[in-house]
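Engineer: Relying on the hints, combine the two individually framed chains into one complex.
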Amino acid sequence: MASTVSCTDFLDQQPQTALTQEQVFAKLENIDPLITGLYTNWRNARKDRGGFMFQLGGDESQQGAFQVRSEADQAGLDRYDGFLAPRNNALTQQWDLRWPIVSAAAKAILALQTNTEDEAKRNVLLGEASFIWSAVTFELTQYWGEIPIIDAGKLNEFGTSRKPLPQVYEYLIKNLQFAVDHLPETQTDKRRVTKYAAMALLGKVYLYAPQESNARDYQKAADMFDGVIKSGKYSLLPKFADLFDPSKPNSSESLYEFQFTNTYPDNNQTQWQMGSRALASIDGNCSFGGYDLMVPTAYAYKDATAGGVWEAGDVRKAASIRYDFIYNGQPPKLLSGFGGDELDPHVKKFEDPRTQGTMSFWYSGKNINYMRYADVLLCYAECLNELKRTPEAVGIVNNQVRARAFGGTLPTAMKWSEGLSQDEFRTKMLDERMRELCFEGWRRMDLIRSGKFVSLIKARNRWAAESNTIQEFHKKYPIPLTEVLQNEDISDADQNEGYLP
Amino acid sequence: MKNQILQILLLCLVTTAALAQSVTVKGRVTDKATKAPVFGASVALKSDLSKGTITNDTGEFTLTVSGPDAKVIIHSFGYQDIEIQVGNQTFLEVIMDEEAKGLEEIVVVGAVVRRESLTGSVASINAAKISQTPTNNINQALQGKVAGAYVVSNSQPGSDASIKIRGNNSIQFGTNPIFVVDGVIIDGGFNTLNPDDIASIDVLKDAASTAIYGSRGANGVVVVTTKKGRSGAGKVSYNAWFGVQSFSKKVDLMKGKDLFDLRVDAYANAFIEKNPQGNRQQYINDSLMGPNSLAFAQYELDAYRQGKSYDWLDAVTRKGFQQNHTLNFSGGTEKGSYFLSFNYTDQKGIVKSSGYKRLGGRMNLEQAIKPWLKVGTNTSFTNSKDDYVDGSVFSVAAVANPLLPVDTAGYYLKYGDIENQDAYNPLRSLSITGDNISNRLLSANYVNISPIKDLNIRSTVSFDLTNQQTFWYTPMTTGQDRRNSNHGKASQRKDVYNNLQWDNTISYNKSFGPHYLSVLAGTSLQKNQYNYNQVDAFGFPNDDFGYKFLGGAYSKDKTSLSSDFITTTLLSFLGRADYSYNDKYFVTATLRYDGSSRFGANNKWGAFPSLALAYDMSKEGFMSNLHPISRLKWRVGYGIAGNQNIPNYAFASLYRPNYTNNSVTYVSDGRLGNPNLHWERQKQLNLGVDLGLFDNRLMVTADYFNINNDDLLMVKTLSTTTGFTNTVSNVGALNNKGIEFAVSGALIRKQDFQWNVNLTVSHDQNKVTALYGDTKAIYNKGGYTGVEIQRTGNLFLGESLNSVYSYKFDKIAQQADMERIKDMDFAGRTVHPGDIMPVDKDGNGVINDDDRYVVGKLNPKFYGGFGTDVTYKGFGFNMFFNYSYGLKRLSGLYEGLMSSSGVSAAHEDLKNRWTPENTNTNVPRALYGIPRYSYGDTDLGLQNASFLRLSTLTVSYTLPRKVASVLRLENTRFYVTGANMLRFTKDRGYDPETGDGYPNSKMLTAGLNITF
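Chains as they are written, first to last, in my numbering: chain W, 210 to 710; chain A, 21 to 1032.
FYI, nobody ran anything at the bench for these hints, they're computed from the structure.
Ideal Cβ positions, reconstructed from N, Cα and C, are used throughout, including at glycine.
Hints are supplied without guarantee of correctness; some may be wrong.
Mimicking BS3-like on lysine-lysine, the simulated pairs with C-alpha atoms at most 25 Å apart in a straight line are [as the list claims (entries may be wrong)]: (1) W:K399 x A:K578; (2) W:K667 x A:K294; (3) A:K578 x W:K457; (4) A:K576 x W:K399; (5) A:K270 x A:K908; (6) A:K46 x A:K982.
According to the in silico footprint, chain W covers these stretches of chain A (three or more CB under 8 Å from chain W) [to be verified]: (7) 437-449; (8) 736-749.
Pulled out of the complex, with its shape left as it was, chain A reads as follows (with noise of 0.2 Å):
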């Protein structure tokens, strides 16, 4: 019913003759979902823009009309408008729809659909809620807002949020979405759309409604819808804020004071061990605290007196600081629309000298050029600008010796006198410079021939061209280039996206009586070319140039050249079929036929057909008799997507020259080319309900999802014996299920008081249900010699991908069970009194291999979003949350800190370790340079990474209308926005989502919007 044609006009009373020359007309306006008074609307003469009068705050106008015929325009901002002639009425009850719903087409494939024909799981989000959270980023804009959709973001400058729909469907390809931008698939650099050029983002989740999408649609399609002209009067838009970013959370290390104490146990501890009969206080006075202690430098004795501590994290990092500016410009006439905009960001990073520019500008157009033939365009371009900050310079301050006074002495940091040659000085690291220059024109241009009516033939020519370029120079002056002997070094790398697609569609929509009738076919082709090459150059005269005198290098030997040249293609047929009847039964039906070149010869097709039914009961009269229940709407779907996002030319073992000692050699990458290579397919089950009560005061979205996934496909580690360490290999099966609610209500609907509230919460569970042959499990090797087998990312029969791998944590050993494990087999680690214990699964007394096992997963038991919107009069006040529950997570982090003997940086929650006095703990005791079991090794340290977040809160204020028309403004508006301002959680890492690479953010935003 939202959906519907949205005009909807009462005559009320009839009270005078239509016969004076010119009549007065009075009239309510009121917005159609919250039944408020719209005020501030606009209302005038269609024949003269300029008569006309503006709605009070309860909504109401008066207008002095010609007559009969007089046609009235009302118009409102962020509601479409609306067109009334007026008879013979003199009260006009006017009723706004908000405008972003008004979009009931959206473009698919190079066709155009109405939105109601999506039968299958849809989300939608329109501009007024995307404009909701302050950010350059759209996948932010989505966080928390469609249930089903989990958005990871991530907190570096100019860099993308991941976005997963309905969990895990591949294992390790694909996990992403795509993103369909008004028709174009683009596969990455999200972070150059522009949020405040976007209409409306809908999430297709399940196989019904992205059958079409085919091939690639395993993993959800995001189809984004940017805004276009509208006809009427011209409006300029103006959008600004400025947001002050700083960490969130910073993990809590131990500062000089107790680290030194750490260290000394750990010293001293180990003493005993080797020397059970010694004596522990002489040897720390002598061996530890004296003038030749093995343990510490002198500087670090000298801190420690002085009672200093050093904060190396806080000498290359600031107040982060953020702007950005939109200014568009649309309107249109019957016969076209223009929509342009220009947009402006910029951000200076939290890590000294990081930082990110972008300039981007779009132009969406319209044009019927005869009644029959209509052309178009959707271009936006945008140059950003990176400036790049050598990663090691936060790494390495992160975890900086706090006794080790903040200097640029150094070409590496230390503990004790211990250099470590991976810690460069991040003080000299900040000297090294990283620009990237990213250019990217993303155009879909069409023509729209329609040679009878309801019969549309379309041809869509789309590209995406990037064009980035990418310098480093690492100066003589920091550990980096000491190490490595370089004399300075300066790379260039240039990177070309070539993205071409080609979509040609014809359709046909019929409606007949109750009967309505939608047949669609098409083809689609796509061609995606990259290529990079790169230089790096070694041994400069001086730092001067930087990276851009490469012919000054002298050391020629060691310069390096690399390129690549890389296409895939992807053809598909699609035809498509809806039918509904009476918008009470609907029918969809999609087939497609995918070829990729990413497969071998013969396995590069695959199809793709679905299925989906709905059927409103609200429109059954019996139902008009249960008054509460004002829609309920049932779905069912059925299909099957594909995926084929598998690494290049993994059908063909690959031998590439190398160059090395004077000759040119062909060397395997390790990979074995596999040439039965198939599609992975999705057989995906959906049941949904849309239920809405009191007049859709209360909706309430209920969606069911049980997706088979057969020939999943991964790069799976080989036995070397084979000659090659990988194969990629359709391996397996995988089964996702889940349940998702998106419930919204209008709790207050006042004339100036509106309050609602909406929630979102989502499940999946995941299992893998076979792997290939006898196979019950598929390990994932890695770590520092590529050949451990890691904690997750492993495949087991029966359980979930998500599984954790390792030793199960007993307990911290205690003197009483010395007697206990005194003959255990400990495989050469020490288990003494304050030691790790792990589980001895099997009971053989021998901790081995056989007693790793599956010791839990990761995935959330559910997660989502609840937010409450509240309005009273101009002002607003907007809260959003989300959340996840029952999520774990490995902190190599804090494991890490954990593990610390005080020769390397230590967490805080040491102090709690055991000791003799303080043996009621599950931290182990402090031990240095004795083999035992760590954090690592067991699942101690698994977080309990549940976590609510009040993801944004927002006040805003809406000038009046009395006091915005006197300006001669539409809409004004003011707000400040709080991202990320608190969080509950356990998690003892940076952040229980974006994970332990670099802290999460949060941000201050001060805007406004103006547009008239």
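The shape of chain W in the complex, shown without the other chains (with noise of 0.2 Å):
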């Protein structure tokens, strides 16, 4: 018998660096780790070039003609054509990487609800990690409509198949309501979410569900909304610049921002992927070179006179957008063998001017803005006037949003009329969010919801026209082909409307 136990003893070999699932799950002291690597697998998903994928193809950001022409692909989520479809790599990549977040999420949501070591530290971490499910899920069910519900617990009656819309959004809405329960009104680790954001979060998903899901409900929006603002939290910046200056990180207006640095794994590299190419050939470590993957649409950089979005007097337009290039006083050239465009206004949101002549761009690590108060404003003033209070949302937008575009003091000549038509409210919000928000990650939703995601991406984006295929299914993407192949609950006739052979 002894040799026995012996050779038992002598063949169990665990591993000496790494935690078991079990382990991991058993006590709050490890989930808390993993929940903080569930935040920074959620921030990876929204940097570099990836981070990017669901911006391509808008009416207000493009890719860079270069990108274009060498990646098919990702070219596709430009043009809609033919590489738009359930092989395409570059959207299969973006669905790889989000389900391992969700799914673990999951399990720390249950294993959290049975576990007894500290209640309140408990519900905490199942606050956020109800958030994170909620986050990424919700982002996955706007651009690719039914999709698994991944419940730990009920792995078995679930399986892995597609799921109808009122479903995900009764999960969404009741893991939502928990963060907004369990979870702190601040946080010291701003890694870390808070009340208010999944307030915001929880407004947005009432206000974003397409009527499918029979989830819109403008009033419970406009009542999130509304929480987050009388909390008193929060307040816009007065100079809308330094949203994206470096050294005033986590601001007042920021409900919740990714959080980066210059040093890497915490860099995010995206300038790399906005600056411009040109630049990038003069000096790797000018903060404004990189190679072009996603440059504004001709309407979101030119004025309105011009046909694009700009009035004049915004400061916006040129803390939004470079249009300037000269370089240590040279004007740099556009060089051979490129798309072009290379000189054509790129996005400046994301510049970090700390690389500037010490590093290469790759190394920028400003924080991205997820949610910040500008963007709940504008959402409540949205409900606002769905809910037939037009005046008091004009009001918002003129006495807030609009006021602090203009350097404080809205000119009369560009406020909004509080005799604005529903309709009309709808369509200058449309605008106003491109000139508030663009490239900070909404717009593609916001266009679904509008109604207008054909009409206005194959009148702004220029690929888009250029091919002039897109069509109203291609509001959802295709479920990946991998995914058809290797998950037994989905098979081909699951696929999106348009995508089907």
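Structural biologist: In structure tokens form, the structure reads like this:
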């Protein structure tokens, strides 16, 4: 017998430098860093090239010409052509990146529900796990429609099949409500979410939910946004440009922002994707150099007088978009063999002047906004407009968001009239959201819910116009081919409409 | 027969009475296999070795002996010594057998077994054959010489060749066989073994012979036995060779002018594609060739106008040089033996600043302490130093822009004005230092107790310790440094492998009458420990100290630390019984019970039985009338082998702490733990026959095998809705079957003239016979985004493992096709005259994923080697070819070069591209920046990689004994060898075998062997 025992011991070799899943979920001490790990993974989904895939093919942003020419799958995201298909690798990557976050959050939720160590801490962690679960699930359902619901306690019942929208939104609302109820009002660790971030996100869920989900509810949305406003914890920064000043992170306007630094692996490489190659070829350490992944559409950088979105005197224009490429007193030259748009206006919001001259723009590492107060105000105004309280809505836009945009005092000519019709308000709001929030990641969802997805993209996106193949069904991305092939609960027949052979 | 006791003594004549005080005896010495006379053999009195003589050119000798009691020892290099009592003979007919074949015993898992009782499929190679290929890598020495062993050499200095036995038996894990060196199982670093130390290599191919290694035999076993001293006069031997090395083949790249024309064509075609009514020539003149060219930078226009083309590869390569020296001493008494060897090898690689040096020593000792107690050790120590050169030096230089002047000015190379930040200037990259220093101690030590006759109890403790240090420094002057804003990067890494093996066996061997019985029982215990640590430090005031002073690094926040510790264990119980009757009937039964730490708690153990039968028909009386047949042995074996060679701790889902953003987080590594993982099991059937004809002048060995592999282990990618990206799993079943032939013949066996030929032919084919559940396919994702379905590595039910999954190339579209395909949906790709058109498999007018299918497989139809060996007097001429027929290959390199639109390196074959004037071609037109089907989308670039290679050609001269003996030398041989001098293939990449990473090389070697 003794020898049997020693044999068993000899063959029992456990990992010495990793915890097993059972160990991680067994105690709060381990679940806590697991959840910070989920924050990191969620953050990382929003950086570098991958972080901008959902912004390609929009009406405010599109790929640089050289990118379109060199990466056919990625070009498909702008062109809405045959490459925007289940096999599209750029999209598959985004899909594959997100599910492990949802799944790990779901496991944490299940483990925490049965944990009895420290109820207060447990509930906060549970709130955080619920928030992360919801934020990523919300993104997935907005872009892909019906999706699997990952509930670790119901894996056998639910499987991994696509679930109807009402059920998906029911889960979202349930989890976010828990987060609202249990998250603290403030967090000293800025990586962590607060009650108000959860309220704002729940408000967005009510506002953005598609009609088929039966979850859209302007009153409930308004209540959530109103709660954030009434908390008094947030305010607009007087100077719009300060929002993008790396020395002023986590300001009073920020409900939540993804935390980055200039040191790998916590840099975000964003400027590498947004900057101009013409500058990169002059100096690899020029803070507005880069590789032109995503550039503003002409509509997003031109003045209203030239058919664009910008009104005279709006300070947001210069803070959001780079028009001037003079570097060290020299105008850069367009080089042969590129796309030709390298010196057209570029996205400026992600430039990180801290890298200037000392390190590659690859190390750009400014925080990236997830949700900020201006967005809450605009969303609240939208809800009021939908609730037939348009004058109130106009007041919020004029007195807060637009006033700041015009340097603190809104010129009379720039004031929206309180007599706007509900529909006029909607149209103007779409442009206002672009001016305020361009390149911050909400535009595609805004277009989908506006019903103007096809018309605006076709009118404003250079590549979609050129290809002229965009259709209504493109509002939903195709379920990736590898998912159909490997997920036994999803077959070809479950593919989104329009992508079936 | 060849393995039996080898002294054969024939009494031929009795002429005189044995009364005289001293007697003169004559005799002749011949080679057992070739029947050729052995000249230069020493014939001496055992009582006084100084009294002796040497055989003449006809192998004859005359010696005066004291009388009938006198004993004579006959000794010749490369043969087993023979001792003869003179008796009353006056003419001694002495037949000598080659030395290596005399090793009738080999050591397996700590026990000695008779070679003859390896009833299964075994191929053996002796020292003489190994030494035919001057190399410092043992796998290379095996190439083409063993039927069923597929060796792929690696042409970078100091790197291992890979070897595959009997094709594919596992999907991803452990396709290399295990190596057992003097009983010690080693997992890698075969290049630290000195081929000059090796006495024999036995390749065990079927379960019957590998069963004794149970758990780990699924991919074959290579048993390496090192040399031992032999009793008799001590010997000193010195081997040296010097070689000059160069690339055997580079790819044919377009030079400056052709590349220029290609780019013009590609841009102009794109212009017309977008502006069908445009003026092509005017566009070329104004927009391409003019001063503000859209396509060319000024330096390119200059090079073109001056007719210049630059060769970057030439600037970073040179002639390689290698030398190798081995000095060994051996000898022994009846109670013990010694073999000491020292080795030095030095390689200067073809890429500048790459190199490899190795210093090694070996000590094989055996001593009988008491009549019943014997101890021994086989111990080697190796110190090697690799000078690494950054991999990008070659890979960037090989595809550099021929219009770009070779200089150190840029940090990155470019086409046009497009600086490619991945293409670091190779001239600058040469300044990156990479040093690897590795020390390895491989030692097997045993005690053998024989309490009663025929019973042996043996305990062996073995160590395989490797200590490796790797250092890198990337100076500030390099593109790598600039891109990463490092200001100098220094790395230090230490790897420690500590493998311990303890084998205990008890065995009993007994002959009684015609019966022979051998039984063995034992345990084997292995513990493999590995750990590493690495420091990367950034930011240095200057480049002067290289990697040596990490304390001087100032970018403390970038400092990166990593380390890991891994332990795996294996425990085995084994039993084996051999029985033979009259050396005619043989039975071997083996059972092994193995436990592995790599599996979850309830699945650690596996049982691996095997049974083998053999029947030597030539021993039957009736066979003696069938004159041509001198040997006919039938073999059949069936057994189960196992495989546990999976990633560590795959039974658990792992979370590792990761420091980011000022705190620790736990992050899954993406792998779903699988506690149900269990042993992969192969059921192997082997049928074989050994046939000898014409007194064994023609030997044929044929084997058929059929392997059913259940519970195949592989990494399976998962739908990420599971929360993980992959899991290791027992996924399905694979059938692998094939046949192997080895033929050798002695065409001429004359006194001064021998001619031998040999040939091996192998064929194997595999098929996936089951996958889990209802699954019909398991896809292999990878590529740039990590999510693309790859063309190879997918598993499809009913198809070969080596299937190629892609669109099928139909044709190059022609003007005449346009009307027919105008309504086809090519999913956003342009298909106009000159573009690739895939087959619309389902004929629905849409090219989509349903049109991708298994378009072929890569396996060769058959492969092997053949050689010829001619000896005339002292001259030797040896040629060895290896070949593969029906081999296919995907060449990423060629496909990339053929997809060039002149803004990347291009293959010369693009000169035959489609143009309106040259429509009868399979090379698509040049087109810049418009999406269309590429080589990589279809099977158009699938290479016919069948090849015939002259792998070695050796001319040698052995000093005549008369001359040698004056110089007091026993054997002296000079030779010149050309390795890989010729190859015939249609493959367009670097090499059909070694692939595209790095070209293969050829080497001309001159060497000598001296023994005294």
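Engineer: Determine for every hint whether it applies to the structure shown.
Structural biologist: A quick look at each hint next to the structure:
Under the criterion of a C-alpha separation no larger than 25 Å, the hint pairing K399 of chain W with K578 of chain A is consistent with the structure, at around 22 Å. This hinted pair checks out: K667 of chain W and K294 of chain A have alpha carbons roughly 20 Å apart, not beyond 25 Å. Between K578 of chain A and K457 of chain W, the direct Cα distance comes to roughly 23 Å. Compliance with the 25 Å bound is thereby established for this hinted pair. Between the alpha carbons of K576 of chain A and K399 of chain W the distance comes to roughly 24 Å, so the proposed pair stays at or under 25 Å and holds.
Restraint check for K270 of chain A and K908 of chain A: the C-alpha separation of about 19 Å stays at or below 25 Å, so the hint holds. With a CA separation close to 19 Å, the supplied pair K46 of chain A and K982 of chain A stays within the 25 Å bound. Against chain W, the segment 437-449 of chain A contributes 4 residues with a C-beta closer than 8 Å to a partner C-beta. That satisfies the three-residue criterion, and the hint holds. Coverage of the segment 736-749 of chain A by chain W holds [criterion: at least 3 residues with CB-CB distance below 8 Å; count 9].
No hint from the list above goes unmet by this structure.
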